[in-house]
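**Student:** Sequence:
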Amino acid sequence: MNAIFARFRKRARCRLLMQQKIDSQILALISLIPLAALVFDAASGHAGRLANPILLALAATFTRFGEADWCLVISLVLVLEASAVSHLAKTLRHRCHALFVTSIGVYAFLTIALSGLCANLLKRAIGRARPNSFLGAGPFDFSPFSSNARFESFPSGHATTIGAFCMIAALLVPKYRLPFAITALWLGMTRVMVGAHYPSDVIAGLCFGAGFAWIMARLFARYGLVFRTDEQGRPVLRQRLQKLAPAAPKDAMTGVDGGQPNRERVAPARCPLTELA
Numbered sequence: 001m002n003a004i005f006a007r008f009r010k011r012a013r014c015r016l017l018m019q020q021k022i023d024s025q026i027l028a029l030i031s032l033i034p035l036a037a038l039v040f041d042a043a044s045g046h047a048g049r050l051a052n053p054i055l056l057a058l059a060a061t062f063t064r065f066g067e068a069d070w071c072l073v074i075s076l077v078l079v080l081e082a083s084a085v086s087h088l089a090k091t092l093r094h095r096c097h098a099l100f101v102t103s104i105g106v107y108a109f110l111t112i113a114l115s116g117l118c119a120n121l122l123k124r125a126i127g128r129a130r131p132n133s134f135l136g137a138g139p140f141d142f143s144p145f146s147s148n149a150r151f152e153s154f155p156s157g158h159a160t161t162i163g164a165f166c167m168i169a170a171l172l173v174p175k176y177r178l179p180f181a182i183t184a185l186w187l188g189m190t191r192v193m194v195g196a197h198y199p200s201d202v203i204a205g206l207c208f209g210a211g212f213a214w215i216m217a218r219l220f221a222r223y224g225l226v227f228r229t230d231e232q233g234r235p236v237l238r239q240r241l242q243k244l245a246p247a248a249p250k251d252a253m254t255g256v257d258g259g260q261p262n263r264e265r266v267a268p269a270r271c272p273l274t275e276l277a
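Our numbering applies: residue 1 is where the sequence shown begins, and numbers increase by one.
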């Protein structure tokens, strides 16, 4: 009994330390927003967009990755394809995995759509002027609820989508989280290169999008969808991703290829997603 209580105390202490670590990381990221506003925004406003036409064209091309429509289309196609595969699957195991992939598509669609909607509402409520108005009023000109796109700079909507997408990718493939973070930073800063946002707008958008994706992952984990919460309180995938394709059923006596007999009894597969229904 003492060993059981000791295990629970150790797990609770680990969760507390992890939560404190996450809180400190969030605080450090949020502190970058006013720091960038005070140190870099004025210099960015004076410099304007890139002067080199080749670099400007490249930045204008890569900044389109921050548009939410392609993310929504891909996630919707993933939902439809995985749903079709779940109906065509011959075994419970493949049907369960197809439903799991469907849940991933739903998670991605809701995260991208809702984070973008919230960012648009925030930027209208805050009403910060864009860099093209820098010469008139500087980087701290605000006109809340003006219904004018010139006063919808903070936070960056493109950076929000990029932050959310890269956090989703990092949660799905955690071993590549550092490359995803670097990619998010570079793609987000293209908004500064084309003169559409200040650096603090981009940092705020990246943090908001990534944080929104993290919160949505925790919410899905609470209901047993896509993610589960590990011992440190982090959302991790409930199962490994596999190739999405309907497969023929395995024969308990002949095996996969119909060759040598397999005399081991096959235990019935369990699907947590179907059990939730």
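Don't read these hints as lab results, they were simulated from the structure.
Using N, Cα and C, we set each Cβ at its ideal position, and we do this for glycine too.
Some clues are possibly wrong.
Stated by the list, open to error - Here are the computed distance ranges between Cβ atoms for each label pair:
(1) Asn148 <-> Leu35: 22 to 30 Å
(2) Leu72 <-> Asn148: 37 to 45 Å
(3) Ser143 <-> Trp186: 28 to 36 Å
(4) Ser147 <-> Ile30: 27 to 35 Å
(5) Gly138 <-> Pro174: 52 to 60 Å
**Student:** Decide, hint by hint, whether the structure agrees.
**Tutor:** Hints, one by one, checked against the model:
A hinted range of 22 to 30 Å for the beta carbons of Asn148 and Leu35 is consistent with their spacing of about 28 Å. Evaluation of the 37 to 45 Å hint for Leu72 and Asn148 yields a failure: the beta carbon distance comes to about 26 Å. Between Ser143 and Trp186 the beta carbons are some 31 Å apart, a value that agrees with the proposed interval 28 to 36 Å. At about 28 Å, the CB distance of Ser147 to Ile30 agrees with the hint of 27 to 35 Å.
One distance hint, 52 to 60 Å for the beta-carbon pair Gly138 and Pro174, is violated here, with the actual separation near 41 Å.
Consistency note: the structure conflicts with the earlier hints numbered 2, 5.
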